[in-house]
Amino acid sequence: MTAQCVHSASGVIEQFVYGELGAPERLELERHVRDCASCRAAVEDLSTLRTALAARPVIDAPPDGDWSGFMTRLRAATEREAGGLDLAGTRGVGVPRRASYVGRPAVARHWARSGVMATAAVLALAATGVTLALWSRVPLTSPGAATARSVAGPPVDEAPADGFEALGEEHLQRSKLVVLGLAAKDPARATSADWMYERALASSLLSDTRMYRMAAEERGLASMAEVMRDLEVVLLQTSFTDARDPAALAQIQRLIQKRDLVGKMDVVGITGL
Amino acid sequence: MGPPDWTLICGAAAGDPAAFQQLVERHRSMVYRVAYQFAGNHQDAEDIAQEVFIKVYKSLHSFRHDAQLSSWLYRIVMNACIDHKRRRVLPGGAAWGPDEDDRMQNIPEEAPGPERRAYAGQLGEVLASQVRRLPAGQRVVFVMRHYEGMKLSEIAGALGLAEGTVKRQLHAAVHRLRQSLTDANVTAGERV
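Going down the list, the protein sequences come from chains A and B.
Read in order, the letters of the first sequence correspond to residues 1 to 273 in this note's numbering.
Read in order, the letters of the second sequence correspond to residues 1001 to 1192 in this note's numbering.
None of these hints come from the bench; they were simulated from the model.
Computed from a predicted model, the values in this text were never measured in an experiment.
All residues carry an ideal CB built from backbone N, CA and C; glycine is no exception.
There could be a bad hint or two in this list.
[To be verified] Among the chain A residues that face chain B by a calculated CB cut under 8 Å, a handful are:
1. 7
2. 11
3. 50
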């Protein structure tokens, strides 16, 4: 290296080589570099560094591209962390243990800061946790019945109900209210207050929707599971999105349209649950 | 394609393990790549990547929907790299700060220089080993700038440092690496 001039000592050469200078500064430095051996050497060195390092192989996975050990280790770690998520679905139910999940101080602080809707979401999550903790042994009858049973104790030997016929109608109607209500609004004119009702309703429906989805998956009811999955995504987005964001409603509407949720829910309504 | 990141985050935050797994699978290559570039070996890279995703898991509820997931993730990766290095080298050491930045810039290279017989074909290897000898702050800034293409302002924002500090870190890193070129007796004609 030659003796440094003020430019190469200031770090401006790095900005020049990495293309972070504005046009006037870049042109000025180009002129300077032509006449300054120190800066020219700095530019050449940095270019050499970039070229040489760019030629190195990119390592972005464990040896042999085998992630299984990594994922196993991560699953164990997350399970140690407050009950953890079941990454491999090995617990069948696949939800965090509610008490520890909701009870983590950081999470609790977050929810405390997040206002009414977040509280509603926590309540929904708590309801889900209570209900689903025993889900593998609870035949689905209705959200209310399932919750009541799980609180009272696990109904181990009950025969599965015939399906969804006896339940879901109210859930379905309320879900339609949310979806149709959201789809009908003009995103260019609607304020956050205009879809506050749908957001509140979406939060209250989340846990039951997830339960229906899991029950449908468990029973191999693919179409039903798909509708519930799509509905769950829309409800999630509606519940958690920032209503003050002017683009939020349009984004939810695109999601509804993309998943043809209005049409799917009509079909579900015709065939019945 | 698949559901957008923030849908997965919402799902994971609400307790859906499949959503979290999908989130991990989608971003683990980037995380591992940065961790490996920083650490230079698989064992440390995996440790760092594990720390990153555990941190993500614990922070799902604090993700702001108006934020970019990639920025959030980069911030966690960078801090995990620095924390990992600090735990390895300076157990109980001082917190990261501008003072440390200044000290780093003036610390002479203690490790032996690269092998004199470096030539064009080996230059990348020599430089990579020199990158791994940089102090943690300089190294993470260099990796994020050089390998990941982040702007100084983005690195500064992610690390919570002033842009000028990041600029000095990058300059110090480049200065050391340039010195290693000189030590390696690499001439312009030999450079790759």
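Hints and how they fare:
no.: 1; hint: 7; result: violated (11 Å)
no.: 2; hint: 11; result: holds (4 Å)
no.: 3; hint: 50; result: holds (7 Å)
Going down the numbered hints, you'll see the structure goes against just number 1.
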